[in-house]
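For the protein sequence lines, the chains are A and B, in the order given.
Per this note's numbering, residue 1 is the first one in the first sequence, and the count goes up by one each step.
Per this note's numbering, residue 138 is the first one in the second sequence, and the count goes up by one each step.
Don't read these hints as lab results, they were simulated from the structure.
It is possible that some hints are incorrect.
With beta-carbon atoms standing in for the labels, derived distance ranges [said to hold, decoys possible]:
| id | chain 1 | residue 1 | chain 2 | residue 2 | range |
| --- | --- | --- | --- | --- | --- |
| 1 | A | Ile52 | B | Gly238 | 41 to 47 Å |
| 2 | A | Leu48 | B | Ala232 | 38 to 44 Å |
| 3 | A | Thr3 | B | Gly182 | 22 to 28 Å |
| 4 | B | Phe316 | A | Leu115 | 36 to 42 Å |
| 5 | B | Met220 | A | Ser64 | 26 to 32 Å |
| 6 | A | Pro136 | B | Asp193 | 43 to 49 Å |
| 7 | A | Val51 | B | Tyr142 | 30 to 36 Å |
| 8 | A | Glu68 | B | Asn185 | 40 to 46 Å |
List time: in silico DSBU-like cross-link candidates among lysine-lysine, alpha-carbon distance up to 35 Å [claimed, not checked]:
| id | chain 1 | residue 1 | chain 2 | residue 2 |
| --- | --- | --- | --- | --- |
| 9 | B | Lys195 | B | Lys166 |
| 10 | A | Lys75 | B | Lys195 |
| 11 | A | Lys58 | B | Lys261 |
| 12 | A | Lys80 | A | Lys134 |
| 13 | A | Lys80 | B | Lys191 |
| 14 | B | Lys186 | A | Lys63 |
| 15 | B | Lys166 | B | Lys191 |
Computed from a predicted model, the values in this text were never measured in an experiment.
Heads up, the beta-carbon is just placed ideally off N, CA and C, and yes, glycines get one too.
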Amino acid sequence: MRTVIYLLIGILFGIVMMKSEAASWFRIYEMFNFESFHMYGIIGSAVLVGVILVQLIKRLEIKSFYGESIDFSPKDNVFKRYMFGGLLFGLGWALAGACPGPMFTLVGAGYAAILIVIFAAILGTFLYGLLRDKLPH
Amino acid sequence: MNWIYEPWPWYVSGPMIAFIMFLLLMVGKNFGMSANLRTMCTICGAGNKAEFFKFDWKSQRWNLIVVLGTVIGGFIASHLLSMETAVAINPETVADLQSLGFDSAGGAYLPTELFDLNTLTNFKTLTLLSVGGLLVGFGARYAGGCTSGHAISGLSDLQLPSLIAVIGFFIGGLIMIHFIFPLIF
C-alpha cells in the first residue's frame, strides 16, 4: 500500500514537472536571463505555500497519516559546503537544463539523451563521495 | 478540461509542488530527489570505495519508487496530457538563443541541438551533457541537496543553509549562462 502511495506521489510530481515546463532546458535558460516570471513564479509560490504548510504542521503539531510526529532536522550551520556545492550545482543546472527531479521525468517523456546526464550525475555523486574528506565543508 | 492539455501556469504548478512536499511529509518522508543518486551509487557497489556510500540503501527504497513514479509521470504528461510540447519562451530569449545556434528555440521542449539522438555522435554535445550532469550530481551532494531538497523543502522550513545553497545555485547558473555560454556556443 505504501509503495502505491510513493508511486502515485512520484507520478504527480513527474506530471507537474513536465506540464509546468520546469523540466524544459529553455525555461531554465530563460530564467537565468530574467526574461520570464514563469520559473520565479513556480519556485516562489511553491515556497510560499510550503512555508504555510510547514508552519501549520509545526504549530498544530499535525501527525503523519500513520500517526507519527513529523520531524524537521535543521541543517548544519556552516557556509562553505552550501555556497560551493550550490555554485557547482548551478553551473550544471544551467548547462544540462535539468535538475535531479526533471531528469527522470524527461526519461519518461522519451528523451533518451537525458540518460547521459543522469549517468554523469550518478558519476558526479560518486566523485563527491571519493573526495568528500578533502573538500572544505 | 482543455486547460489540462495546455502548459500549466506557475500559480497552479508552484502550489502543487508544495502539495507534493506536504504529502511526503505526511507519509513520514522528505522531498529530496538528488539523494537517489547517492542510493544508486550504493546499489552499484560504491560502498567498497568510500565510507559515504556505506548505508542500507533499502531505507531509501521509497524514494526510488518516487523516482519511478516521476518517470511514469513524464510519460503520462507528454504522451497523454499534451497536444503540443513546444515551450513558448520569451521571443527575446528565442532570438538570443538562435543567435547562439539554437534554432529549435521556441519550437521544442528541449533543444534538439543538445538532446536529439543524432547529436550523441557529436563529441561536443556529449561532453556538454556529461559535464552538466557531473556538476549537478557533484554539486547536489556537496551542497547536501538540490532544487527539491533546498529550494523547496529547506526554504519552506526557513532554513538559512538552504538559502545559502539556493543563492549558490543562482550564482552558478548566472555564471554559466552569461560568461561560459558565450565561450562554448
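Consistency of the hints with the structure:
Range check, Ile52(A) to Gly238(B): Cβ separation about 44 Å, and the 41 to 47 Å hint holds. The hinted range of 38 to 44 Å is not satisfied by Leu48(A) and Ala232(B), whose Cβ atoms lie roughly 32 Å apart. The given range of 22 to 28 Å is respected by Thr3(A) and Gly182(B), whose C-beta atoms sit roughly 25 Å from each other. For Phe316(B) and Leu115(A), the hinted distance range of 36 to 42 Å is not satisfied, since their beta carbons lie about 28 Å from each other.
Restraint check, Met220(B) to Ser64(A): a C-beta distance of roughly 39 Å breaks the suggested window 26 to 32 Å. Taking 43 to 49 Å as the suggested C-beta distance range, the pair Pro136(A) and Asp193(B) does not conform, at roughly 29 Å. Range check, Val51(A) to Tyr142(B): about 31 Å between beta-carbon atoms, so the 30 to 36 Å window is met. Between Glu68(A) and Asn185(B) the beta carbon distance is about 34 Å. The supplied range of 40 to 46 Å is therefore violated.
A distance of roughly 14 Å separates the Cα atoms of Lys195(B) and Lys166(B); the hinted pair therefore holds under the 35 Å criterion. For the given pair, Lys75(A) sits about 23 Å from Lys195(B) by alpha-carbon distance, which is consistent with the 35 Å threshold. Simply put, Lys58(A) and Lys261(B) have alpha-carbon atoms about 49 Å apart, too far for the 35 Å limit, and the pair is violated. Of the pairs offered as hints, the one joining Lys80(A) and Lys134(A) holds, with about 13 Å between alpha carbons and a cut-off of 35 Å not exceeded.
At most 35 Å may separate the alpha-carbon atoms for a hinted pair to count; Lys80(A) and Lys191(B) meet this at roughly 24 Å. For the hint linking Lys186(B) to Lys63(A), the alpha-carbon distance of about 39 Å lies beyond 35 Å, and the restraint is violated. A distance of roughly 21 Å separates the Cα atoms of Lys166(B) and Lys191(B); the hinted pair therefore holds under the 35 Å criterion.
Of the numbered hints given earlier, the model fails hints 2, 4, 5, 6, 8, 11, 14; all others are met.
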